[in-house]
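So in the numbering used here, the last one in the sequence shown is 651, and the numbering has no gaps at all.
No false leads were slipped in.
Dumping the calculated DSBU-like pairs for lysine-lysine here, alpha-carbon to alpha-carbon at most 30 angstroms:
no., residue 1, residue 2
1, K535, K444
2, K636, K535
3, K444, K374
4, K374, K535
These are calculated hints, taken from the structure and not from any lab test.
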Amino acid sequence: MTPDPALPISPDVLQRFDVPGPRYTSYPTADRFVEAFGPAQLEQALAQRAGGVGTLGGRRAALSLYVHIPFCESVCYYCACNKIITRHHERAAEYLDALEREIGLYVDALGREQPVSQLHLGGGTPTFLSDEELARLMQSLRSAFRLVPGGEYSIEVDPRTVSPERLSRLVSLGFNRISLGVQDFDPEVQKAVHRVQAFDSVAGLIERARELGIESVNADLIYGLPRQTAASFARTLELIGQLRPDRIALYGYAHLPARFKPQRRIQAAELPGAADKLAMLSAAIASFARAGYDYIGMDHFALHTDALAVAKRQGRLHRNFQGYSTQPDSDLIALGVSAIGRLGSHYSQNAKTLPEYYDALRQGQFPVARGLALTRDDLVRRAVIMALMCQGHVAFESIELSYLIDFRRYFAAELAQLEPMAEQGLLRIEADGLHVSPAGWYVVRGIAMVFDKYLQAERSRERFSRII
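Make a model of the complete structure from these sequences and hints.
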């Protein structure tokens, strides 16, 4: 493969890092959660926050909110999300009733008017809800929490369920960011994954979003889908370049049919090979660089002027279960079936099925099915991994002062493992800390994995998607 001058990392290095690995929206990762963590443990974590833990300079740190809407009208064969396929829209009313009960439990624990600076509706398909149902949900949230001015309020949008006119309604409800599921514009690829949507419909939504003053438009793309070729994906990249969304999320398709039933409808023989996937990734990285996008990290790109790119340059980037964010690191309250939240040094995940979720709330309990209370070692490693993932830099002194350790002694084995990566030019190991290089940003998951105690202790990593 002829190197592209716009490609800041060699295809050979990308190929060497084509291994499974976590996305590190948390550390430890969600697969480490245990069922011993339940409603009582979450209530204890909430009591700690209510008692003052989580305040900054006497001010209570603003919360993040995530609301999971699990319903979809039709299944996308590549999907690995927790979703419920149904055309019975009347099911949404019962779900909203349950969400309101769950919101009430948090109000009882924390009090009303807790400040919120970040809200994200994900799924499933949040726009499965009607305009009236979305209005009801937003009213429930606003009656319980205080959405502060200048916050990030986003919703995932399926272009097949939203018209330019409906987009106006979403803005009136307070959403100032949207994420569009594009995946691929090639008609044959769309048929193969059971998600057919026209380029013109996506273009119309982005045009209307700009007219409405939506602050940021994100487009999701996936490479490695069935019937994709390097040539067909190049055409998708060209079309995305014409639309010029503020942010682009580029994911590699992970074919795990044993874990995700919809993927069993994908013909494995139609999947592109490793070399083709690598060519697609390389072409995308080069294309985005030429178009003026900065690489944020973990498959995310943003225009140089976008708030996310600015935050990265200024060292203000953060990461949580919602991905990269410009909002300060904060507690995350997660609402809805299977949703994952964080309170201080505790993680919790709601029940994954509607019957279990509904049953817990009918009993007046938080619908927590599992979670984790982090150990001191978990906290140290989380700080290192998040510094790598967000700033690309780990200051030894900062970690040492915060956790009272000798960094080089505590992480002697990890530093030794990083030496080959340093020789490849992916990072620098200096007296003051670790510094990820521009090339290293593209494989930062692989660098962070060195500090993952749980991964280092086991051989199998098949539970994760591949880095490339």
